[in-house]
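**Q** Take a look at the letters that make up each chain.
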Amino acid sequence: MNFETIIGLEVHAQLLTKSKMFCRCRADYASAPPNTHVCPVCLGMPGVLPVINRQAVEYTIMTALALNCIIPEYAKFDRKNYPYPDLVKGYQISQYDTPFGRDGWLTIEINGTKKKMGITRVHLEEDVAKLLHRKSADGEVYSLVDVNRSGVPLMEIVGEPDLRSSEEARQYLVKLRTILQYLGVSTGNMEEGSFRCDANISIRPEDNPESMAKVEVKNMNSFKAVYQAMDYEAKRQRQAVAEGWKLVQETRGWVEEQGKTVAQRSKEYAHDYRYFPEPDLPPLTVGREWVAEIKARLPELPEDRRDRFVAEYGLPLYDASLLTGSRTMADYFEECTQTGAYWKLPPDTAAKEVSNWLLGEASRIMNASGIDVSQFRQKINPGELSGLILSAHGVINTATAKSVLGEMFHTGKEAGEIIVRRGLSQISDTRQLEEVVIEVINSNAQPVADFKSGKETALKFLVGQVMKATRGQANPALANEILKKRLTEG
Amino acid sequence: MTRAYLERISRVEPEVRAIITVTDELALKRAQKADKLIASGGDAGPLIGIPVLIKDVMCTKGVRTTCGSKMLENFVPIYDATVVEKLNDSGAVLLGKANMDEFAMGSSTENSSLFPTHNPWDLSRVPGGSSGGSAAAVAAGETVYALGSDTGGSIRQPAGFCSVVGLKPTYGLVSRYGLVAFASSLDQIGPLTQDVIDCALVMNAIAGYDRRDATSVPYDTPDYTRSLVADIKGLRLGIPREYFVVGMPAGVARAMKTAISKLEELGAEVDWEVSLPHTPCALAVYYIIAPSEASANLARYDGVKYGFSYQAESMWEAMEKTRESGFGAEVKRRIMLGTYALSAGYYDAYYLKAQKVRTLIRREFGRAFEKYDALITPTSPTVPFKVGEKVDDPLQMYSSDVCTMPVNIAGLPAISIPAGFVDGLPVGLQIIGKPFSEETILKIAYAYEQATGWHKRKPNI
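Residue numbers (my numbering), protein chains in the order written: chain A, 1 to 490; chain B, 491 to 951.
These are computed hints drawn from the structure, not numbers from a lab.
Cβ coordinates follow ideal geometry from the N, Cα and C atoms, glycine included.
There could be a bad hint or two in this list.
As the list claims (entries may be wrong) - DEER-style ranges, computed between Cβ atoms:
(1) A:ALA263 - B:ASP579: 51 to 61 Å
(2) A:ASP28 - B:GLU803: 29 to 39 Å
(3) A:ALA263 - B:ALA802: 26 to 36 Å
(4) B:VAL736 - A:GLU250: 29 to 39 Å
(5) A:ALA30 - B:MET826: 40 to 50 Å
(6) A:ASP97 - B:ARG744: 45 to 55 Å
Only chain A is shown next, with the shape it has when bound in the complex (with noise of 0.2 Å):
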């Protein structure tokens, strides 16, 4: 029998707030020392009270708006009740039947057809504490409670179980992230956990409108995971029907070294989060006028920004989608569209040229080094890599122009210097060169018969030659003029 893969995700995002949700305690807290930012409301002190935090509250409707949500007039916060020791109130402030945004979409591209996936809400709540678990010397195991991240505004955006693949929850993941990094409410880091991920994948037959019993995936960390997760779930579900057994409703988690989900132990207690209305604090009224000032203030969107970069640039849409995917990377490739050296390139070619540098040889430096665009703007920036490009017209060739760039990305080194320093620059006089060329032709008698009886091929290897006892500085175009003048004249 054949089966549809059906699959929804739920994402958490940190916002990137000064402060936390419901105190005046900071938010960001990555490099703090265990419970230094926390007060008696984060740490759940009997007596105290939450007070909303308004740019949560702007982020989370942004966020709906760029997700084309409808935001309801009406909101209001709840309290979710379950103990757990990470959870200081014994309930966790959330909104449970009126979320900030409902009912909206983001589009995908599948094979060059574009899909709209189902957004069905984004609503904001607060993180909870961190445990931290440890074993002592004498095998002892305990946990340590961090309330650093009690109270952060976490964003919850609930997608419909819209997705047919692995690839397209990565896809749908990816636009999410890079939408939310384009509002700039949070920094979208699944590794460090301020985006997180659970899924909901469940299959069905294709006979039939009803699908099988939904399985929830949680640990994934990375897109990879989540990938390959919804990959093994797929087959995993196809599998066990197969072979006979009936699927079950569960959580299940992804075990990375393993790469296979495994059933979690069942919670302690059945799941009944008693909502309701949170007393501590008066139900919302969204004005209007307020939604429209917010959204008058959305940044250009990712798909925005894409088709500009084609209309202004004159970009491929391909070079513009890959450029547009995340922010930071627009934003380098328009700065350097601002330098000075941008503009003493060609200008029929220049933004070509640009593009083709950071998706090329820049990105190529970013994955081997496991780095993100804005941690090699910290070594070479717009300006730079600018200069180089330009360089790469005449001073020097593309091939030595790229082991410049690798070079200015170790020592943090400006192009120049490094062109100055290693004499890189190209040979483009023309005597210098016409006694490389006569060298070349002396110590390459078959070649040059070959080319003297017909074969065009082996003039590239002549021009080669004269590279290789150059050690790549011979400007190859002039070499070539040459080679030619003198094989054809002599």
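We have chain A already, so just place chain B on it with the hints.
**A** Just chain B, lined up with the frame of chain A:
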């Protein structure tokens, strides 16, 4: 002055037992500071150097705050409640922390897991609750005034039982920040004082918007003492008949009639035939909403972070045993009630319905206040009962607050003032106002107090 009160405390406390923690050293230090400030001609408000007792449910930095519970028996807060901050700023001298029913759940102070408090008018009787320690201490002269908290009558009922003045302000008028929550949508802090003037003075000090409490209302608070003019001519007073419940002792009913006649005599226009038919629903609504909120508010006491902690092998066992042995019977009963009312499948029938009826009660009051400036009722249907008389019958105990609960449900202000005695036991008169009409009810209370002088009678202790 502080020393005199500390002496009085050590003399009567063995019998009354109104105070959990006496902060004598701190009090003397604060008193000296106040003396210096007064001597130097500094800006001294009316509360400077005046001793106060605070119900042990409000956080006091560095001073243990037990909530009358074994769970927090050794809990020392790291911050001051807003009201405590405000009193400190006005130079008040904290004498100590007053006894109460555990987590403010109760009507007799017998639910304190530390010890019960006795009524200074008759030591074999209860002082009411849950602010029983605060009321008894004011009545017994152990403090000039006290702060209490009122969720369903916890300031007014003990004020009535101990013949002192107790005001529950409009919901949102006094900050709840630092008040250990029982039922967040009902809790309010208020003063317990010897007379109405003191009540107004304390209100001046504690009322007002607090940005740390999202439910506090940005309201320009007046000088409450300016409303203390003994002139109530032409004020329209309504007497809702539902508050004169079946089974009310004849003596109490008679005392009420006398008191209301007095108000009429003073020039108020009294309508004896008002009906608020939803009144009997208030008790049911209260016992859904308050326990529901409490079940969440009390979830944080799990022995992980502070307070009582049961040592056990596993995490879950430790958390469960902490709650099992840290909470008293009444608290556990209400946590169970609330947990049940919020459970899947029951939420609509209980919590949601209770919220709807709450709206009906609120509207009913709203309509009444279109016609009347205030409503007059008894504070409690009975005089103080015997210690132990109702501990085994929760329903009997709960109905002790039938006259006060509707006020919390509607978020209204109400004051209980001494209104005489039945067989030597105090009776309280409750004056209910519309939201933020504290000035009106203080004025009525003041006029009555001036005309009767019940507040001048003190217990023989």
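**Q** Taking the hints in turn, state whether each one holds.
**A** Hints, one by one, checked against the model:
1. For the hinted restraint 51 to 61 Å between ALA263 of chain A and ASP579 of chain B, the CB-CB distance of approximately 59 Å keeps it satisfied.
2. A hinted range of 29 to 39 Å for the beta carbons of ASP28 of chain A and GLU803 of chain B is consistent with their spacing of about 38 Å.
3. At about 28 Å, the CB distance of ALA263 of chain A to ALA802 of chain B agrees with the hint of 26 to 36 Å.
4. A hinted range of 29 to 39 Å for the beta carbons of VAL736 of chain B and GLU250 of chain A is inconsistent with their spacing of about 56 Å.
5. Evaluation of the 40 to 50 Å hint for ALA30 of chain A and MET826 of chain B yields a pass: the beta carbon distance comes to about 42 Å.
6. Taking the beta carbon of each, ASP97 of chain A and ARG744 of chain B are about 52 Å apart, inside 45 to 55 Å as hinted.
In terms of the numbered hints stated before, the structure departs from hint 4 and from no other.
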